[in-house]
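> Can you make the complete structure from the sequences, with help from the hints?
Protein chains: 2
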Amino acid sequence: MKGTPENATFVDAAALEAFAASVLEGAGLDEECADVVANTLVDANLRGVDTHGVVRLEPYAERIESGGLNPDPDVRVESVREAAAVVDGDGGPGQVATLRAMEGAITLAEDAGGAFVGVRNSNHFGTAAYYTNVAAERGYIGLCMTHAGPNVAPFGGADPYFGTNPIAVGLPGEEFPVTLDMATSVTAKGSVILAEEEGEEIPPEWAIDASGRPTTDPADFHALQPLGGPKGYGLAFVVDALCGVLLDTVFGEGVPTMYDDLSSPQELGHFVGAINVEAFTDLTGFHRRLSRMIAEVKSTRPGEGFEEVLVPGEPEARTKKERLEEGIPLGSGVSGTLQSLGDRYGREFPA
Amino acid sequence: MKGTPENATFVDAAALEAFAASVLEGAGLDEECADVVANTLVDANLRGVDTHGVVRLEPYAERIESGGLNPDPDVRVESVREAAAVVDGDGGPGQVATLRAMEGAITLAEDAGGAFVGVRNSNHFGTAAYYTNVAAERGYIGLCMTHAGPNVAPFGGADPYFGTNPIAVGLPGEEFPVTLDMATSVTAKGSVILAEEEGEEIPPEWAIDASGRPTTDPADFHALQPLGGPKGYGLAFVVDALCGVLLDTVFGEGVPTMYDDLSSPQELGHFVGAINVEAFTDLTGFHRRLSRMIAEVKSTRPGEGFEEVLVPGEPEARTKKERLEEGIPLGSGVSGTLQSLGDRYGREFPA
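Same order as they appear, the protein sequences are chains A and B. For the first sequence, counting from 1, position 81 maps to 81 in the working numbering; every step adds exactly one. For the second sequence, counting from 1, position 315 maps to 315 in the working numbering; every step adds exactly one.
Take the hints with a grain of salt, since some may be wrong.
As the list makes no split between identical chains, a pair holds if one copy fits it or if it spans any two.
Stated by the list, open to error - Pairs of lysine to aspartate or glutamate, DMTMM-like flavour, derived with a Cα cap of 25 Å: (1) K321 - E201; (2) K298 - D248; (3) K320 - E103; (4) K298 - D74; (5) K298 - D209.
Treat the hints as calculated values from the structure; they're not laboratory data. Since this is a predicted model, take the numbers as computed values, not measurements.
If you want it as structure tokens, here you go:
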């Protein structure tokens, strides 16, 4: 995920976040919402997940301007039990509704020990790890998933039906959140597009062509393959069953991507969970044992081609530390787009 | 998983279950516990998961006789909140403690909307899908996972640290539970052993040799590879963090397999969850939409080499239907072992 483009400009994270918020406000988004969305975007850049960083600012701004994102949503809790709730995102940014959902799950889990919260009437929410990190930083185990537009064929099928339907889990570590954030497909469509642009072949396990056969030619792309065949297919099925079927919203082929019709809200569903460590053990003991497990994993002998064994979330934590100090590297393409966005809304791009 | 051995004897499921319970009792297991374990074993056979069926009867009986399984455990709930609890398995069969945990999770979720229950001081529990099916058959979404003895190398590592750490999810379907039950490794060690016995090569993504390189020679097996590299590694990490670290029991290399020291309980941890569909939507609507999703997935065009697209849990549901009618096919090796077990405890093998 991490990678510094050639001729990159390094931009201070706080300045970039203020700029992003200001552009979103310029596009019409409510100030509080703009702050949340800008924070999630720059956090993705800080963690090295540049595909989900400020590069998304332009499509978000366009969606706001086109009427496909409610710029001043009334995000509300629709129903609530001791350990379950549903949040209605009111067609606003997925980030705002999902952050509210995770905070609600943590509040419920504080007493109940654990909780599940669904989000409906939502839009694209950025990275799932953002929300599980919120939980992990407060000493909770966080779970987050979302469905997405159809790109992935079911195992044994020739046509796309499910999205890349990511699942994230965050564990409260002493030094950094141990974070898994994975698509349930072998790879993202972006990797196929990139290979095509670079004129490279793709591994046969990534995608199938229109006849349903694995292909190595990105030009023949028809659908992504699920991770590990029936396993990734099963995980994608479960994610859509929780986000779409359980929350009574769109599912399967009915899920629009964030680049489809910009004038209508996506009506996405998301599903989050929080586990209160203290309901099972004391947090100090949990930290101590998790640190021991991390140390043990990291002391296993590296395999061929690896210098060290890393823990899930460790590469992102390292990149974040670096980028907080050195700034976020932006390639000339992204910088140019941000510059134009700044010009459009009369905001100064801080590069 | 399904497959009928040559010269198979077909045994009636109910008769096989009664025989299994009777053998376990003969080995010293409490009657109620024996009934639970026998039911889980034969259920695995019915679903076609023969690796986890009555073939495990002998090692279970040996563990009971060797003192590594408490034959009359006092399974008790140690702590409980509205949506969280811990069950102490008292060194008895994992099946008894985990069934109690899932039933407890369902009871808590009935009011709270969802719940998580951990199990500690447990032994091998069979298949995770058994417990998620219990939830699904009662209209709940079930989640179940366990750690296991070290067989899988971390991503980037050359030595085994994690187990195959399976994760199961069950969704209440109208016709059958939609069930995912997956190891977080590419495959099970049993597949490598089978290839070696058959004199066949293994795919390079299955395993690594002692130098940490992918190998195609099953004789060079040193560790299994995680599913999809960092993804399966991350999932295995999370499973052990929940089952071992959170529940304050063994983890990583410290987790014994069911074939290790038969005279000491394994001290395993398991983690289950239940979601009450009715806390989010009405069950009738959930069923209707899930059936629509199933129909849509099944009507997607099959890929090359496939006759139809199946839903997770559908092959197992079909096999169960067949085997309930035709009996459970047992190869001569398994039949012989069961026969000897029957002789040892003075019980008649029903074939």
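> Give a verdict on every hint.
Against the structure, the hints:
1. K321 - E201: neither (34 Å within a copy, 45 Å between copies)
2. K298 - D248: Classified as between: cross-chain Cα gap 20 Å, same-chain 43 Å, threshold 25 Å.
3. K320 - E103: within (23 Å within a copy, 43 Å between copies)
4. K298 - D74: neither (46 Å within a copy, 38 Å between copies)
5. K298 - D209: The answer is between: 19 Å across copies meets 25 Å, while 40 Å in one copy does not.
Violated hints, in rising order: 1, 4; the structure is consistent with all others.
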